[in-house]
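Asks: So the sequences go chain by chain: A and B. Okay, so the first sequence: first residue is 1 according to the working numbering, each after it adds one. Okay, so the second sequence: first residue is 1001 according to the working numbering, each after it adds one.
There's no promise every hint is true.
[Said to hold, decoys possible] The list that follows gives simulated cross-link-like pairs (lysine-lysine, DSSO-like), each with its CA atoms no further than 30 angstroms apart:
#, chain 1, residue 1, chain 2, residue 2
1, A, Lys178, B, Lys1120
2, B, Lys1024, A, Lys267
3, A, Lys268, B, Lys1186
4, B, Lys1186, A, Lys267
5, B, Lys1147, B, Lys1172
6, B, Lys1305, B, Lys1295
7, B, Lys1138, A, Lys178
8, A, Lys267, B, Lys1172
[What the hints assert, rightly or not] Chain A side only, calculated, beta carbon under 8 angstroms to chain B, not exhaustive:
#, residue
9, Ala168
10, Asp171
11, Ala273
If you're looking for bench data, these hints aren't it; they were derived computationally from the structure. Heads up, the beta-carbon is just placed ideally off N, CA and C, and yes, glycines get one too.
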Amino acid sequence: MKRYSFSTIMLWVGLLFIYLPMLILVIYSFNGSRLVTVWGGWSLKWYIGLLDNTQLMNAVMRSLEIACYTAVAAVALGTLAAFVLTRVTHFKGRTLFGGLVTAPLVMPEVITGLSLLLLFVAMAQLIGWPAERGILTIWIAHTTFCAAYVSVVVSARLRELDLSIEEAAMDLGAKPWKVFFLITVPMIAPSLAAGGMMSFALSLDDLVLASFVSGPGSTTLPMEIFSAVRLGVKPEINAVASLILLSVSLMTFIIWFFARRAEDRRKKAIQQAMDESTGAHLQNGPDSRRDPSQIHAAA
Amino acid sequence: MAVASSAYKKVLEGDQQPKEVLVKIDRVTKKFDETIAVDDVSLTINKGEIFALLGGSGSGKSTLLRMLAGFERPTEGRIYLDGEDITDLPPYERPINMMFQSYALFPHMSVADNIAFGLKQDKMSRLEIDARVAEMLKLVQMSQYAKRKPHQLSGGQRQRVALARSLAKSPKLLLLDEPMGALDKKLRSQMQLELVEIIERVGVTCVMVTHDQEEAMTMAQRIAIMHLGWIAQIGSPVDIYETPTSRLVCEFIGNVNLFDGQVVEDAEGHALIDSPDLERNIFVGHGVTTSVQDKSITYAIRPEKLLVTTEQPTCEYNWSRGTVHDIAYLGGHSVFHVQLPSGKIVQSFVANAERRGTRPTWDDQVYVWWEDDSGVALRS
């Protein structure tokens, strides 16, 4: 075998440290035994059992639902905020607004959750809305902090965009809102997609905010898992976690695959265009800059 | 430049058609916070002409162009197009289109869709749009690239698409912002003439902004020299080069030798200028208007009109002794730097008409001389 250098060993130690727990989790999800820590042979019964566990399955569906809503709302609000921050250069309270938009990024979740809970309670007493806490309140809570992430991602993209492209569209007769939807949005689409996926993942993962603002019958998956684990780890949880792992890795792989294919195609097209234009140049006659006779004449 | 400019031809022939004013800029001022970008500028642009705003960076030329397009609103003054006040119209309601320096092609649309974009905003029918796009593509010879995306095109091709896009709506006024800014030098001179040809074929009035004097002189029929927000001189390329009205214009366009001096004799048909830089007086073949108190004047002469010889001229005025200080060989011509007895160094362009001729070399004793009407006397 090859000699093991220090850095190779550290690499493997690091990788094991990150991925071994997940691997063990996946292996134990196939455990036939009722006890989590005792190996009882291979079995798929926890996966089949999952389908019968309506409480857990409902939590999964609810979490996915909230994550979808959050992704849409956060992208819409975050993009609007980013657009105002990058395109409207002068208005009163611009600095304050910029600070407020990004504040949820650094705010401890416990504080955001608590203040939102107090707000919802106070609003329910004053105006009777929201009548009860549930999916709607969790959605609002998740949107508040996900919109901050989206606005950071989108404003970075908007800032590097060539402003004259939007000006050109306006110059050609498109009204500002049309410029936004026909020109700006397609150009920032990748960052919108990134922001949406990030919001989806953040929402799916959130435990703290959801625990504060959820009500009866609106338990999300992280809450369900957390409360189940407190009563002792059940093999079913392992199965759920394995499924989540599988779906996340699959999605990442698919995105990587398509991004790479698009990049390859783009490179090929640019290469082709360059070949054609240099070909056209050569037909125009020899390049005088490379013509040695010119150098002799100058000497 | 080895190429003949159609703009120059038109100047020589003299425009026979009566001049009809298309754009009138009336005392326009633009301030950004405290800095004044454009300072009380008034000018008119005639129908069918190519007009260049020429100036260095920070001269306000781009701001003036952006005010014409509608991206900036003047702090004071009005802008009229065809007699109609357009000062307060937003860019999307002006019959003016612009070709941007970066071309600003929409990266997610094909060449044909880029050109069709403006037409679609006018709610034209699909058939009409297709016909117009095909016509524009043919005009700029890009028909075979209609389905390409902008990133698949070379710089010159992108410029053609940008031009087609800005001409597609048949604007009353076409604005060009540094049209050759993104091209390399070789492609530039080729595209300059091509651009002029297309603009003249379409017959659109055109205002361009550039910092490149060669480009302005090749393409434009009239040039406005801008400096620090105001216009220093407006005129044809020939006017501006041969009869500049101020030292600033003179030094901005091309190279020039300047002699500061005093008017010592001022008659109807001639004047004599005494310059401390020269041993002999300068004879000007026309009267010079001077005030009684201030006799100081600047005499400007272009390097190609200052001639270098090894034989002593016989006339009384307009020559000087000197030694060759330096020679720069530029291929088509050489620049001789001649040091006068006073220590002043003057430039002279000598055309390299012969492949190998005997000509003065470093530290040779030479004479520089010029004709009576070669230079210009400047008061400011």
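Asks: Checked against the structure, which of the hints given earlier come out wrong?
Replies: 2 and 8
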